[in-house]
Structure formats: structure tokens, C-alpha cells
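Undergrad: Model the placement of chain A on the given structure of chain B, informed by the hints.
Protein chains: 2
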Amino acid sequence: MSLNETLTEQKDALVSALKAEDGDQLDSLLPEMRAADIAEILEHIAEEEEDRQKVFALLDQLPIERRAHIIGYLPDDLQEALAQEMGDDTLLSVLEEMSADERADLFNLLGEDRRETLLRRMARQEREDLKRLASYEEGTAGAIMTSDYVAIPSGMTVSQAMMRVRQTAPDAETVYQLYIIEPDGKLAGTLSLRQLMVARPGAQVDDLMIKDVISVPVDEEQEEVARLIARYDTLAVPVIDAEERLVGIVTHDDAMDVAEEEATEDMHKGVSVGKLEGGLRSASLFDLYRKRIVWLVLLVFANIFSGAGIAYFEETIEAYIALVFFLPLLVDSGGNAGSQAATLMVRGMATGDVRSRDWAKLLGREVFVALGLGLTMALAVSVVGVFRAGTEIALVVAMSMVLIVIVGSLIGMILPFILNRLGWDPATASAPLVTSIADASGVLIYFALATAVLGLPGV
Amino acid sequence: MSLNETLTEQKDALVSALKAEDGDQLDSLLPEMRAADIAEILEHIAEEEEDRQKVFALLDQLPIERRAHIIGYLPDDLQEALAQEMGDDTLLSVLEEMSADERADLFNLLGEDRRETLLRRMARQEREDLKRLASYEEGTAGAIMTSDYVAIPSGMTVSQAMMRVRQTAPDAETVYQLYIIEPDGKLAGTLSLRQLMVARPGAQVDDLMIKDVISVPVDEEQEEVARLIARYDTLAVPVIDAEERLVGIVTHDDAMDVAEEEATEDMHKGVSVGKLEGGLRSASLFDLYRKRIVWLVLLVFANIFSGAGIAYFEETIEAYIALVFFLPLLVDSGGNAGSQAATLMVRGMATGDVRSRDWAKLLGREVFVALGLGLTMALAVSVVGVFRAGTEIALVVAMSMVLIVIVGSLIGMILPFILNRLGWDPATASAPLVTSIADASGVLIYFALATAVLGLPGV
Chain B
0 MSLNETLTEQ KDALVSALKA EDGDQLDSLL PEMRAADIAE ILEHIAEEEE
50 DRQKVFALLD QLPIERRAHI IGYLPDDLQE ALAQEMGDDT LLSVLEEMSA
100 DERADLFNLL GEDRRETLLR RMARQEREDL KRLASYEEGT AGAIMTSDYV
150 AIPSGMTVSQ AMMRVRQTAP DAETVYQLYI IEPDGKLAGT LSLRQLMVAR
200 PGAQVDDLMI KDVISVPVDE EQEEVARLIA RYDTLAVPVI DAEERLVGIV
250 THDDAMDVAE EEATEDMHKG VSVGKLEGGL RSASLFDLYR KRIVWLVLLV
300 FANIFSGAGI AYFEETIEAY IALVFFLPLL VDSGGNAGSQ AATLMVRGMA
350 TGDVRSRDWA KLLGREVFVA LGLGLTMALA VSVVGVFRAG TEIALVVAMS
400 MVLIVIVGSL IGMILPFILN RLGWDPATAS APLVTSIADA SGVLIYFALA
450 TAVLGLPGV
Chain A
0 MSLNETLTEQ KDALVSALKA EDGDQLDSLL PEMRAADIAE ILEHIAEEEE
50 DRQKVFALLD QLPIERRAHI IGYLPDDLQE ALAQEMGDDT LLSVLEEMSA
100 DERADLFNLL GEDRRETLLR RMARQEREDL KRLASYEEGT AGAIMTSDYV
150 AIPSGMTVSQ AMMRVRQTAP DAETVYQLYI IEPDGKLAGT LSLRQLMVAR
200 PGAQVDDLMI KDVISVPVDE EQEEVARLIA RYDTLAVPVI DAEERLVGIV
250 THDDAMDVAE EEATEDMHKG VSVGKLEGGL RSASLFDLYR KRIVWLVLLV
300 FANIFSGAGI AYFEETIEAY IALVFFLPLL VDSGGNAGSQ AATLMVRGMA
350 TGDVRSRDWA KLLGREVFVA LGLGLTMALA VSVVGVFRAG TEIALVVAMS
400 MVLIVIVGSL IGMILPFILN RLGWDPATAS APLVTSIADA SGVLIYFALA
450 TAVLGLPGV
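These protein sequences, in sequence, are chains B and A.
Start counting the first sequence at 0; every next residue gets the next number (numbering that gives the first Met the number 0).
Start counting the second sequence at 0; every next residue gets the next number (numbering that gives the first Met the number 0).
Extracted from the complex, chain B is given alone in its bound form:
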């Protein structure tokens, strides 16, 4: 049976056992399943109000460690609701069992009073660590890092370091990358467990370690951290504060989640949808409305220019009504070519494939590509044009097509670059925005050309 089939079977079994409140069945199913899968099923079930309580009840019965592990996989709104159901004692135990980065995330979902209460009840080191992790701005390295790393004090031998690794193994997020620190907390170097394992027991760790460590400051943007991890294929990247002290690490799995999140955000921006926290499936009606309406209304007004353009050329339209047949396909072609150009640029910039300095060269290349595209499309449309409206109009349409595609492509290429220069997110150059601008220019080009070539009656 394939993995997906096994998962579906488990899911159905768990769902029915949960709804029937069949304790025995649950006891036999749950140990077999992975935390990530259980969390996904619980998320689905909790969407039905009456079943939400059953989800809470189930989690209540699990051993604390397992419970904390599953909770870490749940979406924010469900974690928040769960926390409200829990008493302080239970919540503290859960927080303690969670990994440091997940702990900080859950902590930040709580109300201020509750946070104060819980902090007061924690041991000092725990409290300081949590306060610091929870203090970083969302979307930065500090917000996604964990403080559960293996720190080896400078000056140890290989066998001493191995002993330290074994000691800290239960709590560390990863033991496969070790960080050697100075007495003042500064990051001196890094060493992989692999290197440590094959080294001579008496060797000095400081001699073996890599001193030139790739690290990021706590306020680095999360997408930049993810890009670094992807670029150098590392397991984790250390995070340092303003004094160059090691304060945490970002692991590859969190980097992968960040990369996915950022890609989703860019794709949504590409159609002028604002950032949807928490995913599509669980988004509320109001969220979906709110994240889309702003740009949709702005674009309505942006499209007035096209309408004004058409209205301006009313006489030409009335004289050669056959022109309107070609209006949508011409105008849309500019928008389509422009959207393609913009998306290629925006994604290229996001993946680091293109840099600002490449832009002039890419623009020049786009002019030629657009020329080729425009000529081909003009050819395709002239065939229709000749049969539909005669050679004169076909000529106007063909000429317009070439110009419209070139201009549209240039708009698509230039807009992200301008936005980037102004310090804004180039992804704001969405398909709808580029299309609206290209539409207005398309209307102008088409009708101006038509008026010039065909002339107005009586003129």
C-alpha cells in the first residue's frame, strides 16, 4: 500500500474513533501515527465546532511530550484556542516540552496577562531564554530560530566535545552541527558531528573547526536566511546578535517552511492578493474579502484610464465599428506579454537568479523577444483580420499588435525594477497591475494608429 493510502486509512480510522469517543481504538491507533499526521487530522476535525471539544479531550489524554510535539504542528488559531482551554500548570508543562522556537511562537499567541503569569512561574534561565526568543520581530531570523543548539566551549578536546554532545543530545534541535563559543559567548567556529567523529580523540576542537562561519544577524529577513541555507546546502545557520554572540540557530526544515511561505506570498502578490495568515483552507470569509478588495478597487480606478482612452476615440470607433472586434485580443495581448515579463523578473529576483545589475541587459533582451512575439502574434491575427474586416484594418491591427506587445513587455520588465529601486517589494508588480497599465497604453496605441492610418471621415 502506498504512503498516501496508508495515511488515508489511518485518518479515516482516527476520525471515526474520535467522533465515537472510542478510547480503546484511539489507544491502539495513536502510537502508530506520526505527530505531523495526527496534527493534520485534528486540524480538520476541529473545524466543526462540536468536534473541537473532542480534539481537546484527546490531546489532554496524551503524554505531555507527545502532546507538545503534536501541538507544535497545529495552526496558530487552534494552538491559541487550546491554550485557552488549558490551565496554567498544563500549559507550562507543554511549553517546557516544546522546542524553543515553537515555544516562543505559542507564547506569542497568548494574552499579555497570561504571558506575565507564566513567566513569573518559570526558572530564571528558561524565562530569559523565552523572553528573548519571543521578542524578535516576525519574519526575521530571531523569530524562526531555536536556542536548542549544541555549544562547545573553546579549548576542548575532541573526546571532551563528544561527551558534551552526548549530554546535550536529548534537548538539542540538532546535534549534527556544533558551535564553538568563546567565554564571552562569541561564535568562534563550527564543526560538523561527522568531522568530530572521525577526528583523533586528543585533537583540539579549535584546530579542527571552521572559523569562517556563515552566520546571520538576528534581524536578518527570514527569506534571506532560507536563501543562504539553500545556497550552501547546510543543515543549519547560526544566528548572532549585535555583539557577535551566538544566540540561536535556524535549521533546514524551518528554512524550507519559510521558503514555501515566501513563495506562496509572492504568488498571491502576483495577482494582488494580500498576505493570508494561516492558509487558504482555514481562511475566514472576511479575511478572503479583506486581502483581495483593496487592490481590486484600486485596479477598477486604474482601468478608468483605458475607458477614458476608448471614450476619447469615440469618433474613430463609430466610423470603423469593425475595430472593436479586435480590441480585447489586442489589449489583452499587451497585458499577457507584460505579465509574463513581470513574473519572470520578479521570480528571478526572488530566487537570486537575477541581480539589479543584470537589469539593463535583460531589458535589451526583452525588447528583441517582445519583437519576435509581437510579429508572430501579428501574423496570427492578420489572418483573422483580413477575413473579418479587410486588408486595411488587418494592417492596422497587425501594426498595433507588434507595438502593443513590445510596450506591454517593457512595462512588465520595468515596473518591478522601478518598485525595487523605490525600496518597495517588486512583487507588487502583479499581473493585474501590469495588465491595467498595458491596457491603457494598448488602447491608445490601437486607436491612435487606426485614426492615423484610416483617417476620420470628413477629415
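Hints should not be assumed to be uniformly reliable.
List time: in silico EDC-like cross-link candidates among lysine to aspartate or glutamate, alpha-carbon distance up to 16 Å [what the hints assert, rightly or not]:
#1 B:Lys130 to B:Glu115
#2 A:Lys210 to B:Glu31
#3 A:Lys360 to B:Glu46
#4 A:Lys130 to A:Glu47
#5 B:Lys360 to A:Glu47
In silico negatives: residues of chain B with every beta carbon more than 10 Å from chain A [stated by the list, open to error]:
#6 Leu118
#7 Arg120
#8 Gln203
#9 Ala258
#10 His267
#11 Ala336
#12 Leu443
#13 Leu455
If you're looking for bench data, these hints aren't it; they were derived computationally from the structure.
Small disclaimer: the values here were computed from a predicted structure and weren't measured.
Using N, Cα and C, we set each Cβ at its ideal position, and we do this for glycine too.
TA: Relative to the frame of chain B, chain A by itself:
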């Protein structure tokens, strides 16, 4: 100095040293730099034809291991050119030093004759391994996996296993996840190095290992493999053949590359651009033309329907020429709302956030969201309408807006679902395609409504 500043400095220094063919400078710079960074610089330099030879000369002088490491980071076309410059002896040494997955990739870039020649000169096990890895279809688990994993025969003790790990450490892609195999090669279980390290030396590995291993078949789609690694936060995923024998592993760094590649492909599909091998910056004029023209021409013809629709309502347009002012903004609104709906759906399906079974519920939700969006946009536009063209037309425009936005959104929601049901990639429901269909319906709705409400003169 920040990481980016250091990199830029290194780059400039390397570029000038290379162009000046300053051997001493190169000797002092190169050991300081990471393979990934050197590869990126060489890639840039090699774009200029006269400098390409210098790149080859530089690589020639590097120790084989370093050379192979850097080559693995180079784009396909450059690897291919390099391989052609190399004699068989050198190429064989390079291949030997590369990791198994990169070796297979480079091998597949060579001509058939050359491949035969090289295979004949390899040791049997090497040859078999390479032939098998190179045989898998691109885009599958087999094509991205490596055979450099640590295999522990069933029945070993912990200390025996540790010894095996130390032995294979130099060659393995990762030593942090170990795979226990039966005598017949079947995957029996997996164990992390962390678990091995803290276990009692005399314990049986078979007792400690996780038997329920997440694995994928060799022909699994690469994006599915990446999704699994992201979901379970694992370091690597084992790949098994039809007889359930372990044949390779896919590591987290390759999964991250695949995820980025797939996201880029989806974003390009979202504006009807075909798959660009090798990235935007190095794409040829012809590639850029070829990957865009197909859909652009198809869309020209798809947009004929809108044109035909407008032509059909010529009389209404002539009677109420004020209507054309609102045409672009109405029609585009349907396309914009539809593009948003489609993108949300397509991305949701790609990240696993929405499943096929959620679709009916999401569709119902979209109707309400679209209603809200449409009403708001209708309100915004009626203000303009009343001032521009009077209350009657403003009413027609407002009513059309609501209907057009709802219909456009539904088209955007339904299209990916239909494509998915037909077994096609839902990402084919691009913004331009959805917009073209929404445009045609928008034209119909607007002018039919106008004709019905305003009536035709003399009728």
C-alpha cells in the same frame, strides 16, 4: 562586514585575478572561498566567450576533489562545455570525486558514445551504480537521489554500527541517518546517528531502529518527495525499488532545490510561460520566445470570443456610446477576481493546503466572497458612473459589476478543479487564461444587461 559585502569583495577580486590571469592572486583567494560562491562567479565570467577559456584553465589547476565540488554547482550548459574540453582521464577522475547524484547528472549531459567509453573504463560496481542512477526519468525520486548513504546490515550491535559509520563517513552524502538493510537489500528500518550515539554499545540495532519508515518509490514525482521531507522535517528520505530494496536517498538540500524549482515553474505557468530550463538570466532569446509564444497565440484566439461578443452588440454600443467607457474596468474586474481565485486554488493544491474533497466547500465560500467583492466594487464604480454617464447607465454598470465579479471568480475557482479532474496540471489555469474566459463572459453580461435595461432605440 556583512556576508553580502564580503562576497562582493571576493567576487570582484576573483574576477580581476582571473581576467588578468594572476596565478598568485588566485592561489591566495581560492582556498578562502566556498565552492558555491566560486561556481557562481565562474558562471558569470563564462558568459563572455573570451573569458570562458580562462574559467576552464582555472578549474584545470585545482585539485580534483575541489574541482569536482565546484563543477557540481555549475549550470548544465557549462558542465557540458567543460566536459567536452576535458580528456577522458580527467573526466573520469572528476566523476569519481563527485557525489553520486551529481555524477549521474553530469553523465547524462554527455553524448552516447562518450558515455559508453567512460563506462567501459569504470570498475564494475561503479559502472552499475552510475548506469542505474542515470537511468531514472527526470523529475522523479530516482533522478534526484544519491546512492551515497550509510547502510547497516541487519543484526549488528550499536558499536559495530558505529564502526561502519566511521568507515563510510568519507563517502556518504550524510551519516546522520542510517538505513538498516536485510541480506536481500530490503529496507528494514532507519536510525538516526543521534539515537545510535546515546545507545548502549551492546544493544542490537534492530531493536532500536524505527521499522515504520517513510520511503518513496523510485518513480515518485520529485515534488511529492520534497513535500514529504517538508512535512516530516526529515534530513533525508529513503528511495526503494519495486522489490522494496533500498536504492538511494534524497537529502533535505536537494528537496529544498526541488521545492524552489517547482514553485518557479508554477509561477511561470501562472502567466502561461513554459518551463525554462536553467533560469532566466542565462536563457537564450530563442528559449524565451519559444516558452511564451505558444500560449500567447492561443490566447489571442481565445480572446476572439470577447471581440465577437462586442461585435454582436454593435447596435447597443452605437446607441449608448457612453457604455464603452466602462468596458475595460468591468471586464478586467472579472479577470482580476478570477485570477485571484485561481491562484489561491492552484497554490493551495500545490502546497497540500487544499485537497480535492475541500473543493465544494471552497466554491460555496468563494460565491459569498465574490458577492462581497462585487458589491464593494459596484459601489466604487457607481460613483464614477453617476457623474460620468447618469443614473441609468450607472445602474447597468453596477449590476454588471456584481455579476461579472461573481462569474469571474467562479471561473477562476472551477477551472483548476476541472483541469485536475481531467488529470492535467491545475496550474495551467493561468491568470491570462482565466482572464480570457472571464472577459468573454464579462462582455456578454455587460452588453446583454445594458440592452435589456436600456433597450434599443426604436424597439
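Undergrad: Confirm or reject each hint.
TA: These are the hints, each one checked on the structure:
{"no.": "1", "hint": "B:Lys130 to B:Glu115", "verdict": "10 Å, holds"}
{"no.": "2", "hint": "A:Lys210 to B:Glu31", "verdict": "11 Å, holds"}
{"no.": "3", "hint": "A:Lys360 to B:Glu46", "verdict": "12 Å, holds"}
{"no.": "4", "hint": "A:Lys130 to A:Glu47", "verdict": "34 Å, violated"}
{"no.": "5", "hint": "B:Lys360 to A:Glu47", "verdict": "13 Å, holds"}
{"no.": "6", "hint": "Leu118", "verdict": "28 Å, holds"}
{"no.": "7", "hint": "Arg120", "verdict": "30 Å, holds"}
{"no.": "8", "hint": "Gln203", "verdict": "20 Å, holds"}
{"no.": "9", "hint": "Ala258", "verdict": "6 Å, violated"}
{"no.": "10", "hint": "His267", "verdict": "7 Å, violated"}
{"no.": "11", "hint": "Ala336", "verdict": "6 Å, violated"}
{"no.": "12", "hint": "Leu443", "verdict": "12 Å, holds"}
{"no.": "13", "hint": "Leu455", "verdict": "15 Å, holds"}
Going down the numbered hints, you'll see the structure goes against 4, 9, 10, 11, while the others check out.
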